[in-house]
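*Asks:* As a plain string of letters, each chain reads:
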Amino acid sequence: DAEITQSPRHKITETGRQVTLACHQTWNHNNMFWYRQDLGHGLRLIHYSYGVHDTNKGEVSDGYSVSRSNTEDLPLTLESAASSQTSVYFCASSPDRGGTGELFFGEGSRLTVL
Amino acid sequence: GNSVTQMEGPVTLSEEAFLTINCTYTATGYPSLFWYVQYPGEGLQLLLKATKADDKGSNKGFEATYRKETTSFHLEKGSVQVSDSAVYFCALSGGGATNKLIFGTGTLLAVQP
Chain A
3 DAEITQSPRH
13 KITETGRQVT
23 LACHQTWNHN
33 NMFWYRQDLG
43 HGLRLIHYSY
53 GVHDTNKGEV
63 SDGYSVSRSN
73 TEDLPLTLES
83 AASSQTSVYF
93 CASSPDRGGT
103 GELFFGEGSR
113 LTVL
Chain B
942 GNSVTQMEGP
952 VTLSEEAFLT
962 INCTYTATGY
972 PSLFWYVQYP
982 GEGLQLLLKA
992 TKADDKGSNK
1002 GFEATYRKET
1012 TSFHLEKGSV
1022 QVSDSAVYFC
1032 ALSGGGATNK
1042 LIFGTGTLLA
1052 VQP
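Those sequence lines, one after another, are chains A and B.
Per our numbering, residue 3 is the first one in the first sequence, and the count goes up by one each step.
Per our numbering, residue 942 is the first one in the second sequence, and the count goes up by one each step.
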């Protein structure tokens, strides 16, 4: 079955270190998204991509970057981790650019920055 | 800008009770509306959706009607089960040539036997 996988599922790091969270989907979806989930804020969009070599900033993009070198992967990089980036991160994908709205989510990556 | 407001949780119910989780939205144009559910330790999954005014989305006994006049999309279920315990998110699409979703803050539902 096609799926979307995130790794690592749990990560503890120190302030100032670079961290990369991987996201891989096997549906051949063009659209991919990264969200962070925090209590009281729900899900907030960090970055998104509509295809290879396309990346866009979401509402909370500061301190994060993404790259899209193929259809399957959208890694999220924290250049210099901060304690405010302690969160649960979700990757999602969708097949089309139209507003059907169904996203397929990974199981999440819990990041703790000490 | 577009936004979604959900009722605060947690909501605690006994099994077989009636459930309502309120959701209202602010949007320009004609967005699509969604309810997503997140079971413990998992990612979100689509529960139901409605793409235009007066549409009713339904799935697994849950229903929600797109009310343009009250800008609402309240989630209801007639008889909840322990297995319905989860976090529920209301969301709207950005509309147009985009698949970006704007989520509410989520409502935790706990169903007790």
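There may be inaccurate statements among the hints.
Restraint ranges, calculated between C-beta atoms of paired labels, are given here [said to hold, decoys possible]:
no., chain 1, residue 1, chain 2, residue 2, range
1, A, GLY53, B, ALA958, 22 to 28 angstroms
2, A, GLN20, B, GLU1010, 46 to 52 angstroms
3, B, SER999, A, GLY65, 36 to 42 angstroms
4, A, ASP75, B, LYS1001, 40 to 46 angstroms
What the hints contain is simulated information worked out from the structure, not anything from laboratory work.
Heads up, the beta-carbon is just placed ideally off N, CA and C, and yes, glycines get one too.
*Asks:* Need the list of violated hint numbers for this structure, in ascending order.
*Replies:* Those not satisfied are hints 1, 4.
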